[in-house]
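If you read the protein sequences in the order shown, they are chains A and B. When we follow my numbering, the leftmost residue of the first sequence carries the number 1, and every step to the right adds one. When we follow my numbering, the leftmost residue of the second sequence carries the number 447, and every step to the right adds one.
Think of the hints as simulated: they come from the structure by calculation, not from any bench. The structure presented is a predicted model; accordingly, all values stated were derived computationally and were not measured. Glycine included, C-beta positions come from ideal geometry on N, C-alpha and C. There's no promise every hint is true.
Label pairs and their computed distance ranges (CB to CB) [to be verified]:
1) 310/A x 703/B: 32 to 42 Å
2) 571/B x 239/A: 52 to 62 Å
3) 575/B x 314/A: 26 to 36 Å
4) 609/B x 370/A: 22 to 32 Å
5) 554/B x 336/A: 19 to 29 Å
6) 486/B x 360/A: 54 to 64 Å
7) 214/A x 536/B: 41 to 51 Å
8) 647/B x 379/A: 32 to 42 Å
9) 296/A x 594/B: 51 to 61 Å
10) 370/A x 536/B: 14 to 24 Å
11) 535/B x 84/A: 29 to 39 Å
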Amino acid sequence: MTSYLAQAQPLSRADVLADDPIWLILIKVVALFGFGVLMTLFMINWERKVVARMQHRTGPNRVGPNGWLQSLADGIKLAFAEEIIPDGADRKVYWLAPVISATPAFVAFSVLPFGPQVSIFGEPTFLQLVDLPVGVLVVLAASAIGVYGIVLGGWASGSPYPLLGALRSAAQVISYEIAMGLSLVAVILYAQSLSTGEIVDAQRNGWFALLLLPSFLIFVVSMVGETNRAPFDLPEAESELVGGFHTEYSSLKFALFFLAEYVNMVVLAGFATTLFLGGYMAPWPLSAIGGGVLNTGWWPILWFVGKMLLFLFLYIWLRGTLPRFRYDQFMRLGWKVLVPANLVWIVMIAGVRAINTSTDVTTGQKVIFGAVAILLIVLLSLLIPERRAEEDDGVPTTGGDYPLPPLDLEVPKLTPRQAAFEKEERRRKRTEVGAGATTSKEADDV
Amino acid sequence: MTSFSQASMLLAQQGGQEVVGTGETLAFWVFGPLALAGGLGMIFVRNAVHSALWLVLTMLCLGVLYLLQSAPFLGFTQIIVYTGAVMMLFLFVLMMAGRDSADSMVEVLRGQRLLAALFGVGFAALLVGVLAPSLVSVPAEAPPNPYDPATGGGAGGLGRLIFTEFLFAFELTAALLIVAALAGIVLAYRDRREGPKRSQRELVEARFRGEYKRRSPAPGPGVFATGNSVATPALLPDGSIAPESLSELIESTNTARLIAEHERVLGAGDSHDDARALLGGESEQEGERT
C-alpha cells in the first residue's frame with residue numbers, strides 16, 4: 001500500500017489517514033465517542049448554569065464540585081429508571097427510534113478535523129477519523145438520517161402529541177436542511193473542495209465567516225433550526241405539545257434522545273467552526289506567535305474546542321433570551337427569507353468569482369462592472385413600493401399610541417393618603433418623645 | 447470507511463484491472479442481501495409505515511454500495527436526497543393519513559394485478575436484456591480519483607460534466623421537476639380565506655363593528671381552591687356560571703356524558719346553576735357527582 005502512496009511527494013491528508021493501522025482507528029473512534037458523551041454531560045450542566053445566571057438563579061449546585069456532576073447523576077438515574085411503554089406503541093419502531101436518533105450524530109463526528117498532523121505512538125496521522133472527498137455531505141447525511149429517530153419516535157408512541165411533534169420535526173428539518181445546504185455552497189466555491197480538511201486549509205489566510213458573512217449568518221440560523229433548539233424547538237414545544245416527540249419515552253431511551261440532541265449540537269458547532277471560523281487554526285494574534293508554532297502539534301485541539309464552545313454558548317444564550325417561534329413564522333423565515341437570500345448571494349459570489357478568475361478582465365472593467373451593478377441595485381430599489389401609511393382617525397396621541405397627558409400637569413408630591421399617613425406619623429413621634437425611650441420600641445413593634 | 451478510498455486509489459493506480467479487495471467483497475455480501483431484504487420487506491409487510499422503513503433500508507444499502515464503488519458523492523447524495531428528503535416526505539404523508547388506513551383490500555382498478563404482473567415481467571426482461579451483455583462485453587473503466595476533480599473525479603468532475611456536456615439534459619430534468627412542483631401546488635392548494643388576511647387592528651375594529659358574535663374573547667375556565675381543571679366553569683360577578691366558559695369539547699366527552707346521564711337518572715339535575723357546588727362546601731352534591 002505505502003509503495004503506491006509514496007510516489008506523491010507530500011502525502012495528502014486522505015492518504016495519511018487511509019494508512020492508519022486498525023488500532024489507531026479504534027483509539028480515535030473511542031476518543032470521539034468519549035468526547036461526544038463528555039461534551040453532552042458538560043453541556044447539560046453548563047446550559048443549566050448559564051441559563052440560571054441569566055435568570056438570576058444559582059442553577060445546579062449540589063452534586064459534585066459546584067454542581068458539575070449533576071448531569072452525570074441524572075444520567076445514572078435515567079439508566080435505572082423504570083421503563084414505561086405505552087399500550088398503543090408500535091414496539092419495534094419505538095425501540096428503534098432512539099437508536100436511529102443517536103447513532104448518526106456520532107457518525108458525523110468522524111469527518112470533523114480536530115487538528116493537523118501529529119504522531120500517535122510513532123504513527124504519523126491527522127487528528128481526524130477520516131477525510132472523505134465529500135466530508136461536508138457526511139454531516140448533512142447524518143442529520144438527515146438522525147431526524148428519522150425523532151419522526152419514528154413520535155409516530156411509534158401511538159399518541160397525538162408526539163405525532164404532532166414528529167410531523168413538525170419532519171417539515172422543519174427538510175426545510176432548514178435546504179437553507180443549510182445552500183449556505184455551504186459559497187464555502188465550497190471558495191475552498192474548491194468538499195473535504196472538511198481542505199476547507200480548513202483554505203482558511204489559512206482568513207476565515208470564511210468574514211469573507212462570506214451572509215452565508216455564515218444563514219448557516220448559524222439554520223444550524224439552530226436543524227438541531228430543534230430554542231427558539232426553533234417546535235417539535236418539543238413544552239407549552240403546546242407536553243414534550244413533543246419524546247413525551248412517551250422514559251428511562252434509557254429518553255436519555256438516548258437527549259444524548260442525540262446534545263451530540264448534534266456539538267457536531268454542528270464543530271462543523272460551523274470548520275466551515276467558517278478557520279477550524280483548528282489559531283485565531284489571528286496567536287497564529288503569528290513563533291511563526292505559527294501554535295498551529296502545529298496538539299495545540300489546535302484547544303483552538304477547535306474553544307471556537308466550538310463559542311457556538312455552544314450561542315445556543316444557550318439564544319435559549320435563555322428568545323421566545324419560541326410560532327410554526328408558520330418559522331416556516332416563513334426558512335422558505336421566504338433564508339432560501340431566497342441564499343440563492344441571491346450565491347449568484348452574486350459566483351459572478352464575482354467568475355470575473356476575478358478570468359484573466360482577460362482588466363481592473364478598469366471590473367470597476368465598471370461593479371458600478372453598473374450598484375446602479376442597477378439602486379434603480380431596482382426605487383421600484384419597491386413604499387409601505388402605505390396607516391390611516392389614522394383616532395384621538396391625537398404621543399408616538400407610543402398612549403394618550404398624551406396635559407402639558408401643564410402638576411404632579412402632587414404626596415397623595416392625600418400619604419399626606420394623612422405622614423401627619424399621623426408626626427403626631428405619633430411627638431407623643432413618643434413625650435412618653436420616653438422605652439415605649440418607642442414597643443410602638444415600633446406595633 | 448477508509449477502505450474504499452484505499453480501494454479507489456489502488457484502482458486508479460492499476461488502471462482498469464479488475465481488483466476487488468476482501469473488504470469490498472465482504473461489504474458487498476453484507477449490504478447486497480440487506481438491500482434485497484429491504485425490497486422484499488417493503489412489498490410483503492402490511493403496515494404502510496413499516497413498508498416505508500424497509501424501503502429506507504434498501505436506499506441506505508444502495509448508498510453504501512455506491513460508496514464501495516468509490517463514488518462517495520453519489521453515495522452521500524443518495525442518502526441525503528432519497529432517504530433524507532424523499533422518504534421523509536413519504537413518511538410524512540403516511541403519518542398524516544393515519545396508520546390503519548392503508549390496508550384496504552377492495553380492488554378499485556379492474557384487472558390491475560394481471561397488468562402489473564405483465565408489465566413487471568416485461569420490465570425485468572428488458573433490464574436483464576440490457577444489463578446482461580454489459581457484464582461481459584463492456585470493459586470496466588478505471589474510476590476517476592474522487593480526490594482529484596481536475597481529472598474528472600468526485601463532485602468537481604461531475605459538476606463539470608453536468609454544466610458542459612450534459613447541460614441540456616440537466617436543464618430538461620430541472621424544468622420537468624419545476625413543472626411537477628408547480629402542478630402540485632396549483633392542483634392541491636386551495637386558498638380558504640376570502641379576501642386578504644386581516645391585521646390585528648383591523649380584526650379588533652371588525653369585532654367592534656359587530657361582524658363577530660362577541661367583542662372580547664370567550665371567557666376562560668375558572669380556577670378555584672378545589673380544582674384548576676379546564677372543566678371548571680368561570681363565575682360571573684353574582685356567583686352564577688358563565689355559560690360561555692363551558693367547553694363543548696369537554697362536556698361532550700364520554701365521561702362527561704356518563705356523569706350527566708347518571709345525574710339525570712338520580713334526579714339531581716344539572717348542578718351548574720349553583721356555583722357553590724364548586725367550592726366544596728355542600729357535601730351531598732359532591733357525593734352525587736362522584
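These are the hints, each one checked on the structure:
As the Cβ distance of residue 310/A to residue 703/B is approximately 58 Å, the hint placing it in 32 to 42 Å is violated. At about 59 Å, the beta-carbon gap between residue 571/B and residue 239/A stays in the expected band of 52 to 62 Å. Checked against the given bound of 26 to 36 Å, the beta carbons of residue 575/B and residue 314/A, roughly 58 Å apart, lie outside it. Against the hinted window of 22 to 32 Å, the Cβ-Cβ separation of residue 609/B and residue 370/A comes to about 25 Å, which satisfies the hint.
Taking the beta carbon of each, residue 554/B and residue 336/A are about 39 Å apart, not inside 19 to 29 Å as hinted. At roughly 59 Å, the beta-carbon separation of residue 486/B and residue 360/A lies within the given 54 to 64 Å, and the hint holds. Distance hint check: the CB atoms of residue 214/A and residue 536/B are about 33 Å apart, inconsistent with the given range 41 to 51 Å. Distance hint check: the CB atoms of residue 647/B and residue 379/A are about 34 Å apart, consistent with the given range 32 to 42 Å.
For the hinted restraint 51 to 61 Å between residue 296/A and residue 594/B, the CB-CB distance of approximately 27 Å leaves it violated. With their beta carbons about 47 Å apart, residue 370/A and residue 536/B fall outside the hinted range of 14 to 24 Å. A beta carbon spacing of about 32 Å between residue 535/B and residue 84/A agrees with the range 29 to 39 Å that was offered as a hint.
In the structure shown, a violation is registered for the earlier hints numbered 1, 3, 5, 7, 9, 10, in ascending order.
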